[in-house]
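Modelling step: build the complete structure from the supplied sequences, incorporating the hints.
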Amino acid sequence: MGDVSIRFKIPEGVSRGRMETLLAEQGALLFEAQPPQTWHFLDTFDRRLAAGVLMLKWSGAELLLCALPDDSILHRLRLPAPPRFASDLPEGPLREQLAAAIDPRALLEIAVVTSQSWHYRLLDDEAKTLARLVHTEARLETGEEDAPQFSLLTVRPLRGYDREAARAADQLRSELSLIPTDDDVPHWALDAAGDIAGRYSSKLDVQLAPQMPAAEATRLILLRLLETMRANEAGIKADIDIEFLHDYRIALRRTRSALRQMRGVFPRERVDYFRGELRTLGRMTNNLRDLDVYLAAEAGYRAILPAAMQEDITPLFDYLRSHRAGALAEVVAGLESADYARLVEEWAAFLGEAAGDHDPAQAFAPIIRPARKRIARQYSGIVRDGTRILERGEDDLLHTLRIEGKELRYLLEFFAGLFPPAEVAPLIKRLRRLQDNLGAYTDLDVQQAYLLSIAEALDIEEARARRALVATGFLVETMAREQRALRANFAGAFHDFTSPAQQRQFTKLFGRITGVKP
Amino acid sequence: MTTLALYSNKGGVGKTAAAVNLSYLAAQGGMRTLLVDLDPQSAATFYFRVKPKLKRAARDFEGGKSLEAGIKATDYENLDLLPADFQLRNLDMAFAERKRSHKQLDLALRRFRKEFDLIVLDCPPTINILAENIFATADHLVVPIIPTTLSVRTYEQLLAHLGEKWLAGGRVLGYFSMVDARRALPRQVMADLREQHSGILDTSIPYLSAVEQMGLYREPVPAHAPDSPAARAYRALWEEIRGDVSGLG
Ligand SMILES: Nc1ncnc2c1ncn2[C@@H]1O[C@H](COP(=O)(O)OP(=O)(O)O)[C@@H](O)[C@H]1O
Ligand SMILES: [Mg+2]
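Order-wise, the sequence lines are chains W and B. Numbering-wise, the first sequence is residues 33 to 550 according to our numbering. Numbering-wise, the second sequence is residues 690 to 938 according to our numbering.
Hint data in this document are derived by calculation from the structure and do not stem from the laboratory.
Chain B side only, calculated, beta carbon under 10 Å to chain W, not exhaustive: (1) K740; (2) A758; (3) G759; (4) I760; (5) K761; (6) D769; (7) L770; (8) R907.
Don't be surprised by glycine CBs; every beta carbon is placed ideally from N, CA and C.
This is the structure in C-alpha cells:
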C-alpha cells in the first residue's frame, strides 16, 4: 500500500524554531503539537524482545507491546509501574506473549526517551490533505548534559497520493538539506542506548581459520567464554534473574570442557592448575543453581499433583525458598572474594599470552587437526557407550552418555566456523534430539533424588510435613513413570544419530570413527 | 466485512449526507472503512475534497483490480474513498453486456473484503441494473425516508420489489430523514409507517442547517461540529445501526 513513510534525519544544530519556520515556508500547516512524552523501553539483558522482533515500552501509565520493524501495537495495558517479570502482569494476551519471549528473564530499562511531535499537513488548492508530515524531537535520558538527541521528519503518504508525497519529500529534502534515514525514534533510541550499555550475547561466535595455530585458536574461544562469564557477574550479584547464573555456569562448563578437550595444546601443569580452580568455582555455584531450577519449577510440580494434594508440597518449596538467600550470599561472597579476583586475573593473563618455547608442539599445529580429531573421538565414545546401554542394559551409562553428548555439542560449537554449516547442521539436529531424550531422562533421576533428599530434611512431627512426604512420593512415582516412557524412546533417538549413514557423514567431516564395530 | 448501501430510488433524501457521516463515524470507531461513491454527481467525493477523474472507463470495474489503484485516503484515520470516477450510464451498459450482469459490482468489490471492515455504498437514485447490482452486494440497505405521503409510497414500492426474503432477514433499515419536528403531518406519517413496518429505525435525522452547510465546509458534520445536534443525530443513528447489524463491532 502507499503507507510507507519516508523518513529524514534533520541535521544536528537545526533547532525546533528553525524547523517551524522552514516548514511554514514550504506550505506545511501545523495541525497538532503533541506534548512531550517519556517512554521507558524495556528488554532483557540479552535483548530477547529485540531478537523476537518485539518492543516493549512503558509510558508511566501504560504498557505497550509492539511489533518491529513498523512499531504496530500488538497489545496495550494500563499499568502504574513497569513490570519486572512477565508474571507481574495480569493474566491475558500481553502477559502470555511476553512470557513466551522472555521467561525466566527480568525486564531491564534499556533506554528512557523523551520525545515530542508536531503534526503537519500539506494541502492542495481545495484544502485536501496530500501528505502528512511529522517533526519529532527525541532525547535519550542519560542524566548527562550531552545526551544523544535525534530530530526526525517523517513524510507519511496518503493512499492514492504517493506521487504527491514523493514530490513533497524531494522538495523538503533539498530545501532543508535533510538526510534520508531508515531510523525511527524507537530504533534510534535502542541503538543509541545499546551503544552506551554494550551488547550481550551468550552465543559463542568466535571466528577461527583452519590454519590458525591450535593454542591461539583455543585461547580465542576461552577468552570469549571468560567475557561471557564476566558479563554475567553483576547480574548474579544484583540477583536480577536466574539466567545470569545459568549463562555464567554454561560459559564456565564450556571453558572446562574446552580445557579438557584441548589440554594437549597448553603446558600440562598450567592446565591442571586451572582445571582444578575452575572445578571449585563451578561447585561454588551448584547449590544456588539447584534452588533456582526447583523454585522455577514449582508451578509445574503442582500441576502434576492431584487437586487435593496441590497445596501439600508447599513446605518443600518453603524450605527451598528459605535457603535461597543464604545460597545467593555464598555465591556473591565467592565472586567478591580476593581468591576469585586473583583467579580471573591469572586466567586472563594466561589467555593473553602468546605461545612460546615452553609450549608443547601441538600448540602450533593448525587448529583444524585437533578439532577434527576431538570431534571424531567424542562421537566414537558416544557410539560405543550407547551401544553398551542398548545391548547390555547398562543404564547407569545414560548419565555418562548425556555428558559425552554435551561435550560433543560444545566441540561442534567451538569449531562451527571450520566446517560447512549446511553439513554440520543436520548432525547437530539429530544430536539435539538425542540430548533432549537423555537430558529429560537424567534430569528426572536427579530431581527424584533431590526431592527425596529435601523431604528427608523436613520435620516429620509436623502434619504438614507428613502430607508433603506423601505428595513427594506421588511426584517421584510420576517422574519414574515418565522416565520409563523416555527410556523407551532412547533407542530410536540413538539409532538415528549413529546410523551407518550418520557415521559415514562424521567420518567424512571429521575423520575415522574409532573403536566401533563396523 | 459488512457492506451497507445508502439506497433510495428518490434523489435528495439525504443518502449522501448519511453515507458521509456514517462512514466517518464508523472509521472513528476504529473500523477500516471504504466509502464507495457510485453517484456520477460525485457529491460524496466533493465533501471529502477529493478531485474526481471522470475519464475512467466502466470496464475498469471488471475484477476490480484498477479500482484498487483509484482508492484515495481521506483526511480522516481509517477512512478511504473510492471516488465517483464513472459515468453511470456507461456502468449500467457495461454491466448489462456481461454474463451474470447483476453480480458485477459484487465481483468487483470482493477484493476489498480483507482490507476493510466496512464498505459503505453511496448510491445514485436508480432502479435499473446498477440497482440490482447494489442489492446483490449489500448486506443491508439503509434507506432514508422523508416523512411525506409520496416518499412513504416509494418506500413501500421498494419493499414490494425486494420481496419477502429481504424483509424477513431484516436487511432493509429505513429511517426518517430531514424531519421537520414542528409539523404535525410528518409525525402522523411516521407513526403510521412504523405501525405497518417493523424495519424502521427509532432514530430520525431532523432537518438541520448544519447538514445543509456540509457543502460549504466540506467535512463530515461530526468532524466539523462534533457537539452539534446534527452530529448527535448521526451518532445516534450509527449506534442504532451498529446495534441492529452484526459485524459492526
Ligand atoms: N438532515 C438534513 N437537514 C438539512 N439538509 C439536509 C439534510 N440531509 C440532507 N440535506 C441536504 O439536502 C440535499 C440532498 O441531500 P443528499 O444527502 O445529497 O441527498 P441524496 O444523496 O439522497 O440525493 C443536500 O443539499 C443536503 O445538504
Ligand atoms: Mg447523493
